[in-house]
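Asks: The hints should help you fit chain L onto chain W, whose structure is shown.
Heads up: the sequence lines are chains W and L, in that order.
Throughout the first sequence, residue numbering follows our numbering, covering 226 to 970 in sequence.
Throughout the second sequence, residue numbering follows our numbering, covering 5 to 154 in sequence.
No lab work stands behind these hints, which were simulated from the structure alone.
Partner residues are not named here, just some residues of chain L that face chain W (Cβ under 8 Å, in silico):
1) A103
2) S107
3) L108
4) R109
5) E110
6) T112
Here are the computed distance ranges between Cβ atoms for each label pair:
7) L:T116 <-> W:M955: 14 to 24 Å
8) L:T112 <-> W:I930: 16 to 26 Å
9) W:V962 <-> L:T116: 23 to 33 Å
10) L:V113 <-> W:R903: 52 to 62 Å
11) W:K430 <-> L:T112: 43 to 53 Å
Residues from chain W shown here face chain L by an in silico Cβ test under 7 Å; the list is partial:
12) G944
13) Q947
14) L951
None of these values were measured; they are calculated from a predicted model.
Don't be surprised by glycine CBs; every beta carbon is placed ideally from N, CA and C.
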Amino acid sequence: MQDLSPATLLVLVPLLPLLGAILTVLLGRALGPRAHLPAMAGIAAAAAVAIALLAATARDVSPSHGPRSEPIRPVEMIATLWNWASFDSAYAPPPGSPAADLRLTPHDPAAGRDVRSFSIPVSLRLDPLTATMLTIITCVGLLVAIYSTGYMHGDPGYPRFFALVAMFVFSMSMLVAASNFLLVYVFWEAVGACSYLLIGFWFTKPEAARAAKKAFLVNRVGDFGLAIAVFLLWMSYGTLDFHDTISPQGVIMPGILGQTRLADASGYAGGVVGTAICLLLLLAACGKSAQLPLHVWLPDAMEGPTPASALIHAATMVTAGIYLIARSAPLFAVCPGALTVVSIVGATTALVAALIGTVQNDLKRVLAYSTISQLGYMFASLGTGTLLGFTAAIFHLLTHACFKALLFLGAGSVMHSMGGVIDMRKFGGLRRVMPITAATFLVGAAALAGVAPFAGFFSKDEILAALHAKGWPSAHEPHHAAAVEPHSAIVRLASFAADSRAVAPVGLDALDRPEVWRLLFWMSLVTAGLTAFYTFRAVFMTFTGPTRVPPGAHGHGGHGHESYESPPSMTLPLVILAIASAVVGWLLFSTNWLAHFLSATPSLTAPLVASTAAPHAFHIDLAIQGTLAAALGIVVAAIGHLGRRSDGPQMERFLGPLQTLFANKFYFDQIYAALVVRPLEALSLVAALVDRHLIDGAVDAVAGIPVALGEVVRRGQSGLLQRYALAGVMGVLTIVVLLAWQLRG
Amino acid sequence: MNAMQSLPMLQNALTVGALLFSLGLVGILTRRNLIVMFLAAEMMLQGISVSLVAWSRHHGDWGGHVLVIFVLTVAACEAAVALVFVLQAFSRTGRLDAAAWQSLREATVGRTVDRELPAIDAVPPRFPTLTRAGVLPPPDENEPLQREHV
Numbered sequence: 226m227q228d229l230s231p232a233t234l235l236v237l238v239p240l241l242p243l244l245g246a247i248l249t250v251l252l253g254r255a256l257g258p259r260a261h262l263p264a265m266a267g268i269a270a271a272a273a274v275a276i277a278l279l280a281a282t283a284r285d286v287s288p289s290h291g292p293r294s295e296p297i298r299p300v301e302m303i304a305t306l307w308n309w310a311s312f313d314s315a316y317a318p319p320p321g322s323p324a325a326d327l328r329l330t331p332h333d334p335a336a337g338r339d340v341r342s343f344s345i346p347v348s349l350r351l352d353p354l355t356a357t358m359l360t361i362i363t364c365v366g367l368l369v370a371i372y373s374t375g376y377m378h379g380d381p382g383y384p385r386f387f388a389l390v391a392m393f394v395f396s397m398s399m400l401v402a403a404s405n406f407l408l409v410y411v412f413w414e415a416v417g418a419c420s421y422l423l424i425g426f427w428f429t430k431p432e433a434a435r436a437a438k439k440a441f442l443v444n445r446v447g448d449f450g451l452a453i454a455v456f457l458l459w460m461s462y463g464t465l466d467f468h469d470t471i472s473p474q475g476v477i478m479p480g481i482l483g484q485t486r487l488a489d490a491s492g493y494a495g496g497v498v499g500t501a502i503c504l505l506l507l508l509a510a511c512g513k514s515a516q517l518p519l520h521v522w523l524p525d526a527m528e529g530p531t532p533a534s535a536l537i538h539a540a541t542m543v544t545a546g547i548y549l550i551a552r553s554a555p556l557f558a559v560c561p562g563a564l565t566v567v568s569i570v571g572a573t574t575a576l577v578a579a580l581i582g583t584v585q586n587d588l589k590r591v592l593a594y595s596t597i598s599q600l601g602y603m604f605a606s607l608g609t610g611t612l613l614g615f616t617a618a619i620f621h622l623l624t625h626a627c628f629k630a631l632l633f634l635g636a637g638s639v640m641h642s643m644g645g646v647i648d649m650r651k652f653g654g655l656r657r658v659m660p661i662t663a664a665t666f667l668v669g670a671a672a673l674a675g676v677a678p679f680a681g682f683f684s685k686d687e688i689l690a691a692l693h694a695k696g697w698p699s700a701h702e703p704h705h706a707a708a709v710e711p712h713s714a715i716v717r718l719a720s721f722a723a724d725s726r727a728v729a730p731v732g733l734d735a736l737d738r739p740e741v742w743r744l745l746f747w748m749s750l751v752t753a754g755l756t757a758f759y760t761f762r763a764v765f766m767t768f769t770g771p772t773r774v775p776p777g778a779h780g781h782g783g784h785g786h787e788s789y790e791s792p793p794s795m796t797l798p799l800v801i802l803a804i805a806s807a808v809v810g811w812l813l814f815s816t817n818w819l820a821h822f823l824s825a826t827p828s829l830t831a832p833l834v835a836s837t838a839a840p841h842a843f844h845i846d847l848a849i850q851g852t853l854a855a856a857l858g859i860v861v862a863a864i865g866h867l868g869r870r871s872d873g874p875q876m877e878r879f880l881g882p883l884q885t886l887f888a889n890k891f892y893f894d895q896i897y898a899a900l901v902v903r904p905l906e907a908l909s910l911v912a913a914l915v916d917r918h919l920i921d922g923a924v925d926a927v928a929g930i931p932v933a934l935g936e937v938v939r940r941g942q943s944g945l946l947q948r949y950a951l952a953g954v955m956g957v958l959t960i961v962v963l964l965a966w967q968l969r970g
Numbered sequence: 005m006n007a008m009q010s011l012p013m014l015q016n017a018l019t020v021g022a023l024l025f026s027l028g029l030v031g032i033l034t035r036r037n038l039i040v041m042f043l044a045a046e047m048m049l050q051g052i053s054v055s056l057v058a059w060s061r062h063h064g065d066w067g068g069h070v071l072v073i074f075v076l077t078v079a080a081c082e083a084a085v086a087l088v089f090v091l092q093a094f095s096r097t098g099r100l101d102a103a104a105w106q107s108l109r110e111a112t113v114g115r116t117v118d119r120e121l122p123a124i125d126a127v128p129p130r131f132p133t134l135t136r137a138g139v140l141p142p143p144d145e146n147e148p149l150q151r152e153h154v
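Extracted from the complex, chain W is given alone in its bound form (with noise of 0.2 Å):
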């Protein structure tokens, strides 16, 4: 294995599940029972070879981080597998856009003029955001994949599901490391139409239809804003790869993140184009991570199998939308108008989700709700646009990847057990009869509501430090100005902020104020009261009070006593994610190599967000601000719920009409009925009448010239011999006569 490059390595992580969902394809009805061995297999060595990635990755990140250390230095290796389109003299960008920038390349003498070539070279990038990525969905996946081997075990669709889950890993793999951003949209959509066919998986229930239908559906918003990003992105820089590439005339194109363009911070698009292209991918990730207003395909999704909800809708593909802001972390940092947009849409959707989520009373849509609560922290955390808010966006990733996978794969352990039943009211008391899976899933409770040292306490603290350095700047001057030293990045980002060309106000920057900022971060410390009042709320109307089961449940009689725990191949994933979750956290943070590590991504190395360099110091007070908050929900949670049946009177009473707005999803879905549903459905009834009857009938009427001819033919066949022997007569002697005619005259 020494030998393979890696170059060949980076190939290889996407390659091995694509391998393996095309083998599941061909030979799954054949291998019957064993179904999941190729896709299993694939997924496995990615994950091995993704894990290689990450260690060689994390050798080649300089290892000095201190105060004053010299600027990080960007890692990032390409592999270009073959040169997808090319177009030679394609474009000549406009005098006074990036792409334009003559200080970046030198136009081409030749022509006379500055023209570019269109080029979508199929690259693959490794760098340190993307092997995390990488790591993050292979092991993940992997872990799904035993999961199911138990949980889809039986089914008769089971060949199908093992190669959409490699299919799946196949293409979110290939949109992490894409180097382009017409790749990124083509794996973009890949993973939309898995996370399709995936919810729809038991397509023959009616909801699970209508729900996958409706995810494809709310995605398509988004995938339309990403798109006329790619567009605009073409537009302005002229090319569309993340890279430096070298032209066949020797020209140095550079890409829009790539080093050359990094180095000096004037070469990105601000005002109003720069911020259209921002809320334009904005708009993509919101679609994809389940943001207000496109979250209302997350918990109808839950229809699909817990698996794939576990992998798609927890740990991975809602993730994207993450990943997308973080890579072009340059692109929104001279738009700070759009940076606060980012934050405030977090904010607000982990707020309004929460809320949501504390009526809920089945436990999948407890934990979407949640999940879009916990990405609306993470858009909130990339919003501030500091290294520090960047870092801990993906750090929150990878501990939301741990615990949210983990509560999703308990949860299906419960649903599995009984019998398909998830409503948390008609069991309890769970904790007696699947003590692994109770166990297990309030470790994942814990990390999610925040409790030390659980691995979502770091990555929220760091959240809130995030936040709280936006909304009171003065407080965290003494640790800035000791981490960050006048290097020559900061005399050119002084310079670039002279530089009028490049910031063009726009509205949106007045937001970018500190009471702004203070508001998000109460909201934010509520919502992380309220989650770990949900979280533990569901903990202990399942697993607390007094043992019930429902009727379907089939137990394994087994350990003397009647046990409804689940098969080991499914309680082994759960417990290396709870180990995980406990963890990893307080391993990432003591360390700190997380965001060191990190920091190293080209798009992360830009003078606009490096100079804002991570403090290492752990905030004690917002530390324990947090966990006031949390202990605050989970007591809250305990009075109304532990102990107790879970089918009995609860915490609602108190709430009164609020009940009633926050099951009803603060009417989400309605207003999208009545606002685009309805009149869409309208324009296509009017549609289909045009068609049926106008288009249809023009058609049809044209058909009928011919009939109408024939029917009047039809008539003089009578049948008689005599008549057609007269009918040939006849014709004898037209043409007698008209020739004796001729013959006259």
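Replies: Showing chain L alone in chain W's frame:
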């Protein structure tokens, strides 16, 4: 043939031939009895034969005469075949009416039915009957029972 016949002779002969042909044609188109239709067809052939002979005599060429012999031969063979058809047709329907065969018409066209003749009285009128009067004369032994000639 040694001498060309004169033109009026030709015209007269062709007229006869044309008349025979036309009458035969009209007969085929008009008459419904299958045998009479065939008769008319034969008459058409005879009209053609007369025309052929007339042209042949006019041009002084034996070709027309020879062709007429062929035509007569072929007409005889064709008569055999045609009468077989007529016999088959009669044995299927019991009628010699050409209008009895209408099955190959279009589905939307109705069967062509003859105009209805006035109905014959179902019950023949009762004529008065006279009572028998007188007695039968005794049979005469000398009167023969059969006539010798027809």
